[in-house]
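Guided by the hints, dock chain F onto chain Z, whose structure is given.
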Amino acid sequence: MSDIRKARSALVARILEGDGTTSRTQRRAAFDNAAVEEPLSTLTQKVAKHAHRVTDEDIAAARASGLSEDEIFEIVVCSAIGQATRQYDTALAALEAAAGAKE
Amino acid sequence: MRLRILDRGHTFGTKALFALIRAVSRQPVLDVIKLVKYRADFYGGPMQRVTHEAMRGPSTWSIGDRELMAALIAKTNECEWCTQAHGAVAKAAYGDEAKVFAVLSDLETAPIEEPLRATLRMLRKLTREHAVDADDMRALRAAGVSRDQIEDALAVCFTFNTMARLAEAFGFFVPGPRAFDAGAKYLLARGYR
Chain Z
876 MSDIRKARSA LVARILEGDG TTSRTQRRAA FDNAAVEEPL STLTQKVAKH
926 AHRVTDEDIA AARASGLSED EIFEIVVCSA IGQATRQYDT ALAALEAAAG
976 AKE
Chain F
891 MRLRILDRGH TFGTKALFAL IRAVSRQPVL DVIKLVKYRA DFYGGPMQRV
941 THEAMRGPST WSIGDRELMA ALIAKTNECE WCTQAHGAVA KAAYGDEAKV
991 FAVLSDLETA PIEEPLRATL RMLRKLTREH AVDADDMRAL RAAGVSRDQI
1041 EDALAVCFTF NTMARLAEAF GFFVPGPRAF DAGAKYLLAR GYR
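Protein chains in written order, with the working numbering: chain Z, 876 to 978; chain F, 891 to 1083.
Be aware that one or more of the hints could be misleading.
Unchecked claim - In silico lysine-lysine, DSS-like type, Cα no more than 30 angstroms apart, as pairs: (1) F:1015 with Z:921; (2) Z:881 with Z:921; (3) Z:881 with F:927.
Simulated from the structure, these hints should not be mistaken for lab results.
For reference, chain Z alone in the conformation it holds in the complex (with noise of 0.2 angstroms):
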């Protein structure tokens, strides 16, 4: 089988530890889908369950907040990974337990 394993946990520790333009705070509230302050929860939100409706004006206002472009691109890469993230635990979890109960 193919083992993503390695390769999944290296990608998330170097988002979320690694150095970047935005605070490790910050990117671990995008990845968690846990910012509070507008205009990032809206922006993360959408990301997270619909990133199909996000908006040139949903990326505008991240701008006009005072963001730069390089810390949208981080708190969006964040938002992304995580999201899949816990649907992939979710769903690891749940083969787990299948497998439990059977044997």
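Quick look at chain F alone, frame taken from chain Z:
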């Protein structure tokens, strides 16, 4: 693309690479390449290692199967860009355009094996509802899908639930089919490295 840095913020060397890609493929540089080449140490590099392993690493799913999963996950995310891109790779990998079209149109009636259909159904649910449960997994095992195959499919799902979000949030430009066909040729020859 909504962020100017993703269009034009690359280093001189990367811009030279883009010029070469345009010259050789006679197609515009796809936005996904611009994304993964921008500050590649932050996202593009680590993500390409995940993607290559998920899409080209050892698996009993064929490359066509995994590209088809990617296309269906993209479609479920309503990501036109990724649906076209990975639909094109799946068509080329299978050498069967009708099969890919059938799956993306109606999974239930498409002419594919039951284990693949059951797996695609689970991936669609996980993508749409953000969760699946033990019963979903038991149904898959009962349909003849091995545990390893489920894990391999979930790796594809992680990758494309990330990619589709970024394509939509950053506003990837959807080019004509020839650009995706050129991209598909490259991805089949070289993978995601």
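Taken at face value, is the distance from the CA of residue 921 (chain Z) to the CA of residue 1015 (chain F) at most 30 angstroms? holds, 19 angstroms
Between the alpha carbons of residue 881 (chain Z) and residue 927 (chain F), is the straight-line distance 30 angstroms or under? This hinted pair holds, its Cα atoms lying about 22 angstroms apart.
Given pair status - residue 921 (chain Z), residue 881 (chain Z), alpha carbons within 30 angstroms: holds, 28 angstroms
Every hint from the earlier list agrees with this structure, and none is contradicted.
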